[in-house]
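For the sequence shown, our numbering begins at 1 and goes up steadily by one.
Simulated from the structure, these hints should not be mistaken for laboratory data. If you're wondering where the values come from, they're calculated on a predicted model, not measured in any experiment. Think of the CB as a built atom: it goes at the ideal place given N, C-alpha and C, for glycine as much as any other residue. Hints are supplied without guarantee of correctness; some may be wrong.
Estimated spans, in silico, between C-beta atoms of each pair [unchecked claim]: (1) Ser303 / Arg205: 34 to 44 Å; (2) Arg375 / Leu193: 40 to 50 Å; (3) Asp271 / Arg315: 49 to 59 Å; (4) Lys263 / Ala29: 53 to 63 Å; (5) His55 / Pro237: 20 to 30 Å; (6) Leu25 / Trp159: 11 to 21 Å; (7) Thr358 / Leu77: 38 to 48 Å; (8) Arg205 / Gln276: 58 to 68 Å; (9) Arg205 / Ile76: 45 to 55 Å.
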Amino acid sequence: MPRRDAISVIACLLIALVLRFGVILSQPAQLTVDRDAYIAIATSIVEGRGYSGPHSTHPTAFRPPIYPLSLAAGRILLPTPVVVAGLNLICGLVAVWFTIQVGALLHLGEWRFLAGLLIAIDPLLLQYSAQPMTESLCVVLAIGWLWSVLNENSEKPAWRVIQWIRCGAVFGILVLSRPTFWPIAAIEGLFWLMALLRTQQSVDRITRINVGLVHLGTTVVVVAPWLIRNWIVMAAPILTTTHGGYTLLLGNNPVFYREVVEKPWGTTWPDESQHQWEADLEASLVRDLGANASEVARDAWQSRQARQNMLDEPRLCLQAAFHRIRSFWNTTPQGDAAKGVNSAVLALVGWYSVFFITVALMGMGLVVARTERARWVPLYSLVVALQVVHLFYWTNTRMRAPLTPALALFAAATCSTWPTNRQRSGHGETIGI
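Could you build the full structure based on these sequences and the hints that come with them?
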């Protein structure tokens, strides 16, 4: 690795390390605020009660398994705050590293270091580096999957098969960290089928079929234990979670429409109103299903209610979808996320986010005109898949976090189109590190 490149890599990693340490040290109490019960599930695992809900032995599939399992592994030796901070910190640094590596595979030259820097300083990623949430883990798994897809270029057949297996395995872990990544499989599968139909040579066609089968088979092997476990202990072959019905209903109900969707942009759902809605929801569930209804039955009931709400009020459903698009791409913290934050800091975050997203979207347009645009298809798949999911399900800005590496690479692609002295002088660019 050239010395200049090594310095750039180290600088990006040091910036990521210092900023994340700063956030963690300034918000130590956040490390154990268990909003989504990930710590509680990890505690159940460590205490021998299995993958169960808080303070119970009742099996749950309400949350995806990878993050709680990761916390549980760390909890064997270390206290919870150290595990949360350490896991998020490691994920942040590895995400920077992989982003630079993917930038090299995409032939971004020295601009790949800008992509790594954008991951290092991104306000959204920094905010969740001090919280027991899946954002940091999902980001590194998303960019790890992109690296796996783009790095299948070995000349040796045996090693190429190992690369295919690695790619399918990483995707399996990715969807077990957050089920919203599953639509990527449909998008990538469609592109695979289109490429297969265009392939003329029988040898190339067989190779492409083998790639698809190995990817699919490895993903199935990785995901199967979760599905089988759910089938055994919950009497249903749950591939994702039992959280989908609630999440769909949370963003598609008359109270949310009235309290947020029909109000001016920036209005957040008042806590009192949301708590009352949740109480009414629980009462309706008990009335219809009984007090001892299973997670699976509750999830299905909530899905039906959400779909009925969407059919009953199609205009508001469309308005809510547009609201979710704006929330997904929102640039300034709102509601609880903005409480206690200096107005100057909020303004800085807002301006930075506007600039970052704008340049990234420009890159998405510019890459289409490149001869190597096919290599960027997985990045487009990632962006499109998550946005499609969040047209319907409850959405806020943190749901965008896993896209940050892809957006950073698109932003770097925009900058790479600018002429530089090095390009004008005819010098080649270094694309590997």
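Against the structure, the hints come out as follows:
Judged by the Cβ atoms, the range 34 to 44 Å given for Ser303 and Arg205 holds: they are separated by roughly 40 Å. The given range of 40 to 50 Å is broken by Arg375 and Leu193, whose C-beta atoms sit roughly 19 Å from each other. Asp271 and Arg315 have their C-beta atoms about 27 Å apart, which leaves the hinted 49 to 59 Å range violated. At about 31 Å, the beta-carbon gap between Lys263 and Ala29 misses the expected band of 53 to 63 Å.
The supplied range of 20 to 30 Å is met by His55 and Pro237, whose beta-carbon atoms lie about 27 Å from each other. For the pair Leu25 and Trp159, the supplied restraint of 11 to 21 Å is violated, since their beta-carbon distance comes to about 43 Å. Taking the beta carbon of each, Thr358 and Leu77 are about 45 Å apart, inside 38 to 48 Å as hinted. Between Arg205 and Gln276 the Cβ separation comes to about 59 Å, which falls inside the hinted range of 58 to 68 Å.
Between Arg205 and Ile76, the C-beta spacing of about 48 Å keeps the proposed range 45 to 55 Å intact.
Checked against the numbered hints above, the structure breaks hints 2, 3, 4 and 6 and satisfies the rest.
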